[in-house]
Amino acid sequence: MDIKHAKDYLYWLYYQYLLITCCYVLEPWEQSMFHTIFITVFAMVVYTAYVFIPIHIHLALEFFSQLLGDQRESTVAIMK
Amino acid sequence: MERPEQGLGEPDSHPRANGCSLTGHGALRNGYVRGLPEAETQIHHITHNGGLYKRPFNEAFEETPMLVAVLTYVGYGVLTLFGYLRDFLRQWKIEKCHHASEREEQKDFVPLYQDFENFYTRNLYMRIRDSWNRAICSVPGAKVDMLERLSHDYNWTFAYTGRVIKDVINMGSYNYLGFAQNTGICKEAAAKVLTQYGAGVCSTRQEMGNLDKHEELEKLVARFLGVEAAMTYGMGFSTNSMNIPALVGKGCLILSDELNHASLVLGARLSGATIRIFKHNNMQSLEKLLKDAIVHGQPRTRRPWKKILILVEGIYSMEGSIVRLPEVVALKKKYKSYLYLDEAHSIGALGLTGRGVVEYFGLNPEDVDVMMGTFTKSFGAAGGYIGGKKELIDYLRTHSHSAVYATSLSPPVMEQILISMKCIMGEDGTTFGKDCVQRLAENTRYFRRRLKEMGFIIYGNEDSPVVPLMLYMPAKIGAFGREMLKRNIGVVVVGFPATPIIESRARFCVSAAHTKEILDTVLKELDEVGDLLQLKYSRHRLVPLLDRPFDETTYEETED
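These protein sequence lines are chains A and B, in that order.
Take 89 as the starting number for the first sequence in the working numbering and just add one per residue.
Take 4 as the starting number for the second sequence in the working numbering and just add one per residue.
Okay, chain B solo, but in the shape it has when bound (with noise of 0.2 Å):
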């Protein structure tokens, strides 16, 4: 059932899916609740704040029930009793031990391996290990064949049976625009690159690793993004955390945000600048600490900040939610800081063409100082990339430690990036790539309405193709995995230390590799899965967005 294009007779606050056509949504729009009407004007309210939003901004995280979060803490108390005995009796050698320990004439010295440190994974998260590190063998599309495995000693050792299991739906690959193939123009075109350059690149970017095909990609990435220049670096992790140590130093601050990646911490904590954290996209949170440097600027000698760099992510893949761009951009103006846009997951997979967040919002890349990204989610590649201005670019083609240090990038895997990125900018000739981006905005709506109206508790935007799912129990994570696996499903469940204790989740990636009976499939069965764990929490209540005045005492300072 479609619904005619461009609402007929409807005023413009027709909702659009990254600018495309929706169909067949009847059921959400503007993040309307069903049944509550309050939460329906609260929503509206709130996503329209101060003009600066050129579209509504609905982004949800329920609360957890109560009864819930007892019975997920009675569960890692039962397991946490358990582990005590286990350790006693591993202790006391009445049974095996199967982790590292040291050597009998080493016990008297300083220990070397932290025994409690590690009592949560030995003692819960070995009991559910086989959800994780399957090993597959097969190029990661919308399917993708697996290795089957078995435990025989409760998940200690694996022993692979030699079985191959076929087609099992890949929903856990960061395969957004569905670029992740064997077949095709990117495979041709990059089998043709490695008969020519190679695999290796055997030297750095300062020595003899500057290829021409970098000096292209890097002025095709440039024209992509809208920036005046671009940088291209060989691992999208480097790529944070070797780049942030030659902007930032001692004297400067960073304004970090809460659920930011190991990437941007590490790279943080690396350049030996002050960090602060603030709230997970809480603007009220982020003004105040803006308002606190300025006025007291660095703490003992009351000496201005040399710089403040305010580090986010275009989409938070734990949480699926998407930054307040507008938001950030005014305060960055008003304060006059600098903002690092970390668009890992959300290049390719959001705005109309695939442009990321910035095109999303409707803002000017100009205004974003630093945006750096990843080839590895939307492009079927690797690596990584930051852009900017020519100065600054040129700053860390000397400066930057990955670019004096690190190999550069590999030549068929950056003709892998040419080709996709062209043919998302539809340089190709075809519109295939703008086909790929709509396709995701329509699948991503579609997976998340259907999800909400089962029942189950659905975190993040609208827009976002990360999809994370709650399952709160211990049991259920390992339960959800084996059970999506029985019916041919991949999912990548999390627990902690990754999220909150008892906020474990299931995590989907929606792909435009994935056809509409793909997805039908997979909902189908989760809606059985669902059933049989008791998954379907939803209570329908919204927690309203994050429009509440700040609290003053909650926010960590953290000084080095």
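Just chain A, same shape as in the assembly (with noise of 0.2 Å):
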């Protein structure tokens, strides 16, 4: 039955994305095409995030630690 649910759910789910997007009222062609742009764009949003965004958090506290920490010391930081 909680199998049942969560498909009938995620369904729902699909059917919000299709009226959002308006793809409810494409042909099916039109809606592939969509679906796959969609989610090549969104694939590529993730990649990056989790390419770039630890490093550049990483980056961000080390320089704001050096700036706070060590006033007398130069503030250029030579990272590796």
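FYI, nobody ran anything at the bench for these hints, they're computed from the structure.
Quantities reported herein were computed from a predicted structural model and do not represent experimental measurements.
Be careful, since some hints might not be right.
If you want a taste of the chain B side facing chain A, the calculated C-beta under 8 Å gives, among others [said to hold, decoys possible]:
# : residue
1 : R130
2 : P143
3 : G144
4 : V532
5 : G533
6 : Q537
Derived DEER-like restraints, expressed as beta-carbon distance ranges [as the list claims (entries may be wrong)]:
#  : chain 1 : residue 1 : chain 2 : residue 2 : range
7  : B       : L88       : A       : F151      : 37 to 47 Å
8  : B       : T83       : A       : K92       : 58 to 68 Å
9  : B       : H155      : A       : K95       : 25 to 35 Å
10 : B       : E66       : A       : K95       : 54 to 64 Å
11 : B       : P503      : A       : M121      : 28 to 38 Å
12 : B       : T83       : A       : F130      : 12 to 22 Å
Once the Cα atoms are required to be at most 20 Å apart in a straight line, the calculated EDC-like pairs of lysine to aspartate or glutamate come out as [said to hold, decoys possible]:
#  : chain 1 : residue 1 : chain 2 : residue 2
13 : B       : K190      : B       : D431
14 : B       : K96       : B       : D156
15 : B       : K96       : A       : D96
16 : B       : K99       : A       : D90
17 : B       : K99       : B       : D118
18 : B       : K392      : B       : E369
19 : B       : K393      : B       : E430
20 : A       : K95       : B       : E531
21 : B       : K99       : A       : E118
22 : A       : K95       : B       : D534
23 : B       : K96       : A       : E150
24 : B       : K291      : B       : E261
25 : B       : K195      : B       : D431
26 : A       : K92       : B       : D534
27 : B       : K425      : B       : E362
28 : B       : K336      : B       : D372
Ideal Cβ positions, reconstructed from N, Cα and C, are used throughout, including at glycine.
Fit chain to chain and form the complex, with the hints in mind.
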């Protein structure tokens, strides 16, 4: 029973996605095209986030900790 | 659960729906909004405007939620991109072109079909077109039969399967008092008159088309409205478009509401007068235009305007709002202009005895110079009328284009109007008419209250039987129409260009023919569909009514 509820809920979420992006009114081949483009863009966003966000946060934290911790030293930090 | 009449122990501020007693309306009184104390007091303060209003005026247009607006634009963006793609494919003959286009030999001529203007029609409207132009095959009463149709090429062509969908609950017909029937006294009388006079009149009013029935009907309409005389016309649209040119001309000024109907706009343009538009139901805007008109006069010559005519409607059918008639009349008297009131939707539907918006506000019919209305909505017939002073009507009899060129009303239709009007006035000896008016008021209040409680965004006045339910997103327009038809309810959905691009809506017309069971069924299905399509946008935050100072830079001026 739970699987059925879960499946219904997922189908309802898919229906909302179709309605909001107006895929509901498109023909099937247009829908496939839109899904492909959307998934590609979404995948690229996820990949970019995965690859770059940790490094940027790490760098930012290092920069600010250097800045706040040791004010007599030069503010240019050499990174590897 | 019936609330006791006359409000035990409550003072006279007890709201009455069109003068009828409320039953079981515990939740909303005087436009109270639950949960927001500031909004309550604001609305309370605004509705009692200088003592002009004898009853609370509760009108609300909730603001579009920001996220919904953004997503709507996203949806339209996607559809536009796909529209460009499809147009490209059609242009390069990769795809078959279904819409009208010129022949090969004519391609070098001036284009006959303006391709870009039809972009919206081709690429958006066509995809959801199955919600409109549905064929019905029975009388449009509370329930109606529809012909089922299918499309195999995505709505470019339709095929009828031959099956009839029976007893679809009709929430779209303008059948406010339930006179659209094929049984009963109206039908008997109309059938008798049909055998006596035939169906056609075959002439215009001024030639051989003036029957004794016309005289009888006009006297009755004048008595019904409380005016000196009235004149009837064969078609409601042409009543406006053909009579406004007869009343005003060059050198006159027309002040028309932003959201006026196409017939009023067409009539105003045909007349050749200068047209200025004031914001919808906004009295500050109207007063500013009137002041400017009186002070500055005509544009170049600075001469005074020959006539100033204010065009308003009783109930605006796309918004469900009611005109602020007491204020308009006060302004009209102060600045000595004329008032043309189009009561197409409000006659029969508002007021204690169904006499329209003038009775609803308790005003004198003589204050409105030209009272226009149609018989199509509450009387279940066809045609329109204009009522006013005897001199005005005598003038229109000779100068109206409709009287000279258009065929007059058909006899069976006139009999339907006569019988239904007498019924509403109570002259047939029964209280059937008064019951209908009361039932409509109760149905309206009940329906609106329940929809608001469910969380939908509903526009318009509490007492207006036209109920617009906001949909916003373009895909939901098509989805809503189809889902409701699956559940055997027929609704009218409206999108661009009848409404602003993001404010598409479903418009319900409550009728006296709807029983409480029918309304409950509809409300139950609306609840389901609302959850399925996520239409319950309301955050119970109402925009305060428009008593804010008018912004000088935002009104348009059109001169011809």
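- Which numbered hints fail: 2, 3, 4, 5, 8, 10, 15, 16, 19 and 23
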